[in-house]
Amino acid sequence: MQPSAISRQLSAKCRLLALLGMTILIGVLPIAAQDTAVVLKGGKLLTVTHGVIENGVVVMQGGKITAVGAASSVNVPSGAQVIDVTGMTVYPGLIDSETSLGLTEISAEAMTNDLVEMSDEIMPHMHTSEAFHAESALIPVARMNGITNAVVAPEGADTLPGQDSFIQLAGASATEMLLIRDNAMPLNFTGNERRNKGGFEKRKFPSTRMGLAAQLRQAFLDAQDYKAKWADYDRKKADAIRDKKPEPLAPKRDLKSEALLSYFDGNKTIVLAAESPSDLETAVSLATEFKLKFVLNHISHSQPVLDYVASLKVPVIVGPIYEAPKEDERYDTVYSLPAQLYKRGVKIVFASYSAHNVRNLPDQAGFATAFGLPYDEALKAITINAAEIWGVADQLGSLDAGKTANVVVANGDPLDVKTDVKQVFIAGRAVPMTDRQVRLRDEYSK
Amino acid sequence: MRFISTRNLAFHCVWLTMTLASAFGQSAGHHDVVIKNATVMTVTHGNITNGSVYIKDGKIAAVGENVNAPAGATVIDAGGKYLTPGIVDSHSHIALDDDVNEATSPITPHMMMKDAFDYQDKAIYRALAGGVTTSLLLHGSANMIGGQAVVIKHKYGASRDEMLFPNAPQSIKFASGENPKRVYGGRDQLPSTRMGNFAVQREALVQAQDYMREWDNYNEKVKRGDKDASAPKHDLKLEALADVLRGKLLVQIHIYRADEMLTEIAMAKEFGYKIRAFHHALEAYKVADQLAANNIAIATFSDWWGYKQEAWDAIPWNATMSMRKGVRVAIKSDSEDYTRRLNQEAAKTMRYGGATEEEALKMITLNAAWIVGVDDRVGSIDVGKDADLVIWDGYPLSSYGVPEKVLIDGDVYFDRALPGLGTTHY
Chain A
117 MQPSAISRQL
127 SAKCRLLALL
137 GMTILIGVLP
147 IAAQDTAVVL
157 KGGKLLTVTH
167 GVIENGVVVM
177 QGGKITAVGA
187 ASSVNVPSGA
197 QVIDVTGMTV
207 YPGLIDSETS
217 LGLTEISAEA
227 MTNDLVEMSD
237 EIMPHMHTSE
247 AFHAESALIP
257 VARMNGITNA
267 VVAPEGADTL
277 PGQDSFIQLA
287 GASATEMLLI
297 RDNAMPLNFT
307 GNERRNKGGF
317 EKRKFPSTRM
327 GLAAQLRQAF
337 LDAQDYKAKW
347 ADYDRKKADA
357 IRDKKPEPLA
367 PKRDLKSEAL
377 LSYFDGNKTI
387 VLAAESPSDL
397 ETAVSLATEF
407 KLKFVLNHIS
417 HSQPVLDYVA
427 SLKVPVIVGP
437 IYEAPKEDER
447 YDTVYSLPAQ
457 LYKRGVKIVF
467 ASYSAHNVRN
477 LPDQAGFATA
487 FGLPYDEALK
497 AITINAAEIW
507 GVADQLGSLD
517 AGKTANVVVA
527 NGDPLDVKTD
537 VKQVFIAGRA
547 VPMTDRQVRL
557 RDEYSK
Chain B
406 MRFISTRNLA
416 FHCVWLTMTL
426 ASAFGQSAGH
436 HDVVIKNATV
446 MTVTHGNITN
456 GSVYIKDGKI
466 AAVGENVNAP
476 AGATVIDAGG
486 KYLTPGIVDS
496 HSHIALDDDV
506 NEATSPITPH
516 MMMKDAFDYQ
526 DKAIYRALAG
536 GVTTSLLLHG
546 SANMIGGQAV
556 VIKHKYGASR
566 DEMLFPNAPQ
576 SIKFASGENP
586 KRVYGGRDQL
596 PSTRMGNFAV
606 QREALVQAQD
616 YMREWDNYNE
626 KVKRGDKDAS
636 APKHDLKLEA
646 LADVLRGKLL
656 VQIHIYRADE
666 MLTEIAMAKE
676 FGYKIRAFHH
686 ALEAYKVADQ
696 LAANNIAIAT
706 FSDWWGYKQE
716 AWDAIPWNAT
726 MSMRKGVRVA
736 IKSDSEDYTR
746 RLNQEAAKTM
756 RYGGATEEEA
766 LKMITLNAAW
776 IVGVDDRVGS
786 IDVGKDADLV
796 IWDGYPLSSY
806 GVPEKVLIDG
816 DVYFDRALPG
826 LGTTHY
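Same order as they appear, the protein sequences are chains A and B. In my numbering, each number is its position in the first sequence, counted from 1, plus 116. In my numbering, each number is its position in the second sequence, counted from 1, plus 405.
Here chain A stands alone, though its shape is the one from the complex:
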């Protein structure tokens, strides 16, 4: 027998063992009652917040992580279901900071898409939560690779396309999966929002960046006026009640202005997208003018102004790093952007900017390390950093007691393309490790 044939046989045996292991993992878990503690024992824990623990233990109960530590230091509750994950790597569920999950099924089929409303550029009253399709076949595909949470954003074809949702990738219905509705609002200023396609006769306002900026400014002013009008009304109404006079007529409600107003107090986050330095500075000046709290998005071609970016002291959703460099730029200009930002002290997160390819989110983080981003920072960029930016760091983003039990068990390094995720827990429950693709594979493997 040729050596290669032997190694093939051996690897076939290894595969079989791995498959068996997976089956055991899945087969045993559903038996456990909801309140029974589940213990992952013997794995290598990537806690994210307190280093790597070899031969560690994670205890999950009531949907939460209740204990994390070295095998020697964690008490396993009696009656707990103990799963031996020796040889496996255990890490927190990954967070994708921009997706269109639940808004699309088949990209080219218009009726399956609810990505963005193109009838106007100012659409802050669109709520992705109201289009989110919890039963999308794409969601199990994504979570099979350990992505447990994501920001669902409308496509960036409008300057203000609507509001994001922060989701969990498992749950009985959309209600359960939509952890936070309207958690943030994109403000896009990349030039792609212009209505300038075709000849001059086909163009309409706003067909230039001047138009986009003027329209945005007017929308924010309208919202301010709207706020003043209601304040005025409230005052007059109170006076009327006090003086026992007829109440004034209430102003007409304006949903767009109301949506914008909820971002004026600095509590909610604007996701400010730009690519080039000039667009970035225009967008930042607009946001500053109206005192909006923002994080940056993309900035893939803003390498000349990274010190300026750092001076803003805001986090950046970076990339995608697969964006092509500009004509004269070196091949790795965008690949190295995460590392360049990190060096300047900027908090970064990654996003798939995708629906079908959400599962590849960790590959991007891994690839960024080949261009200078430290490994730990790459992992943080799809876990704790994202949790912090989206205001859920008390619940997600690390293996820490008290957090939601979103936990991934894989056969190796989470950031390597070859790594196979064996089991995902969401809110302490083992999610079925199957999806449409697995079912097709099995059907045609018979």
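No wet-lab data here; the hints were simulated from the structure. Treat each hint with caution, since some may be false.
Stated by the list, open to error - Straight-line C-alpha distance at most 25 Å; calculated DMTMM-like pairs for lysine to aspartate or glutamate:
(1) A:LYS409 <-> A:ASP536
(2) A:LYS463 <-> A:ASP298
(3) A:LYS442 <-> B:ASP526
(4) B:LYS461 <-> B:ASP437
(5) A:LYS459 <-> B:GLU809
(6) A:LYS538 <-> A:ASP230
(7) B:LYS560 <-> A:ASP298
(8) A:LYS442 <-> B:ASP504
(9) B:LYS713 <-> A:ASP338
(10) A:LYS313 <-> B:GLU507
(11) B:LYS653 <-> B:GLU507
(12) B:LYS464 <-> B:GLU507
(13) B:LYS713 <-> A:ASP230
(14) B:LYS461 <-> B:ASP820
(15) B:LYS713 <-> A:GLU271
(16) A:LYS562 <-> B:ASP694
(17) B:LYS519 <-> B:ASP502
(18) A:LYS313 <-> B:GLU741
(19) B:LYS713 <-> A:GLU225
(20) A:LYS313 <-> B:ASP504
(21) A:LYS352 <-> A:ASP338
(22) B:LYS586 <-> A:ASP370
(23) B:LYS730 <-> A:GLU271
(24) A:LYS353 <-> A:ASP370
(25) A:LYS313 <-> B:ASP503
(26) B:LYS679 <-> B:ASP615
What the hints assert, rightly or not - Stretches of chain A that chain B covers, calculated by requiring three or more beta carbons in the stretch to come under 8 Å of a beta carbon on chain B:
(27) 213-223
(28) 443-456
Please read these numbers as outputs of a predicted model, since none were measured by experiment. From the three backbone atoms N, C-alpha and C, an ideal C-beta is built for every residue, glycine too.
Assemble the complex: chain A is given as a structure, and chain B must be docked to it using the hints.
Just chain B now, kept in the frame of chain A:
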């Protein structure tokens, strides 16, 4: 930058001279090079740890733990690094300056992609920096029968003719399914259905048979000495189709659904030509037996899916499931983006279905080279083959390995350590 400014030119010349002088000694033309101490991933005969490759006149002259090389050869120490054959991308549309589809008629076999080849396109360089040394630049999929492909070597900075893969066989692109339907159906033209697609294809091939018959008759008459024989009209389009029927062209078919694969196989038998490869072929796993029986390879994606209806049944196990049924499988990019990291795409087959390292690597080297018809020249580290090689700073079948140097025909064309673009010839 399409044209080098005078100032830059001067800079590049000085720099180039320095680079060449330091890397290769003084002689012009091809240089003797020895790459030492690398983990040599040969693709055909396993890995050699601490292996060496001796390159003479642009060809691989020796491979092994130790090689005999003349004292004057330039030595590249690749200690701790990996050496693979250059990546072959068997499905690409880069460097065509948007002239990918002559979408004005569903049958355009006489379009020559070489005529649109934009050899200064930076996409060639970016792919080179990702380890790609050979690409098959295909016509798009708007037409049932598109144009004829050009095979290039990624010698970024060289002249156009230097970048053409010498004596590569000619490939022709066919397509099927949604794209021709959409393009012509959208204009209320034939084809707007899959029935229409195949009818258009069959009709064109029937015309080509007639054309061949006319010419055969004429040639026969001439042979008999018939002075009155008048030559039929030359028709570029039918001539190209006749070349399909004569088996002179490698037929590369854009296709998604399994049923369409079976129809294309039947059509090929009806007209007596062979299909070299199904491209995309996302449902190949459903009919892999039939593909293997007809010696049809696939050039597929690792895990793309769901972007259109006919990609809805795509599964990431397609490559490995088809491979185990005996199909020759390549992973290709079809993308200016993915062509820069095909090594990672190939690595995914190790995860989805447990391809071995060698099987995975073969999908972006030797198997892809077979599809292009140049597997006797590139695609593995074997004596006599072109010295198209990539030195990786880390394990290439991972998220982490990136090319440090890329050689084509024994010359370094990309070196990550160099400033600027990292190119040596630009």
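Taking the hints in turn, this is what the structure says about them:
1. A:LYS409 <-> A:ASP536: violated, 39 Å
2. A:LYS463 <-> A:ASP298: Holds: A:LYS463 and A:ASP298 sit about 23 Å apart, inside 25 Å.
3. A:LYS442 <-> B:ASP526: holds, 12 Å
4. B:LYS461 <-> B:ASP437: holds, 5 Å
5. A:LYS459 <-> B:GLU809: holds, 23 Å
6. A:LYS538 <-> A:ASP230: The given pair, whose Cα atoms are some 32 Å apart, is violated under the 25 Å limit.
7. B:LYS560 <-> A:ASP298: Judged against 25 Å, a Cα distance of about 51 Å means the pair is violated.
8. A:LYS442 <-> B:ASP504: holds, 20 Å
9. B:LYS713 <-> A:ASP338: violated, 41 Å
10. A:LYS313 <-> B:GLU507: The given pair, whose Cα atoms are some 22 Å apart, holds under the 25 Å limit.
11. B:LYS653 <-> B:GLU507: holds, 22 Å
12. B:LYS464 <-> B:GLU507: The given pair, whose Cα atoms are some 38 Å apart, is violated under the 25 Å limit.
13. B:LYS713 <-> A:ASP230: Cα-Cα ~15 Å, so holds.
14. B:LYS461 <-> B:ASP820: holds, 20 Å
15. B:LYS713 <-> A:GLU271: OK: B:LYS713 and A:GLU271 at ~18 Å, within 25 Å.
16. A:LYS562 <-> B:ASP694: holds, 13 Å
17. B:LYS519 <-> B:ASP502: This hinted pair holds, its Cα atoms lying about 12 Å apart.
18. A:LYS313 <-> B:GLU741: holds, 23 Å
19. B:LYS713 <-> A:GLU225: With Cα atoms ~7 Å apart, B:LYS713 and A:GLU225 stay inside 25 Å; holds.
20. A:LYS313 <-> B:ASP504: Satisfied, since the Cα-Cα distance of roughly 20 Å is no more than 25 Å.
21. A:LYS352 <-> A:ASP338: holds, 21 Å
22. B:LYS586 <-> A:ASP370: violated, 45 Å
23. B:LYS730 <-> A:GLU271: violated, 41 Å
24. A:LYS353 <-> A:ASP370: holds, 19 Å
25. A:LYS313 <-> B:ASP503: Roughly 17 Å between the alpha carbons, so the hint for A:LYS313 and B:ASP503 holds.
26. B:LYS679 <-> B:ASP615: holds, 20 Å
27. 213-223: holds (count 3)
28. 443-456: Held - the region 443-456 of chain A has 5 residues with a Cβ nearer than 8 Å to chain B, which meets the minimum of three.
When held up to the earlier numbered hints, the structure conflicts with 1, 6, 7, 9, 12, 22 and 23 and fits the remainder.
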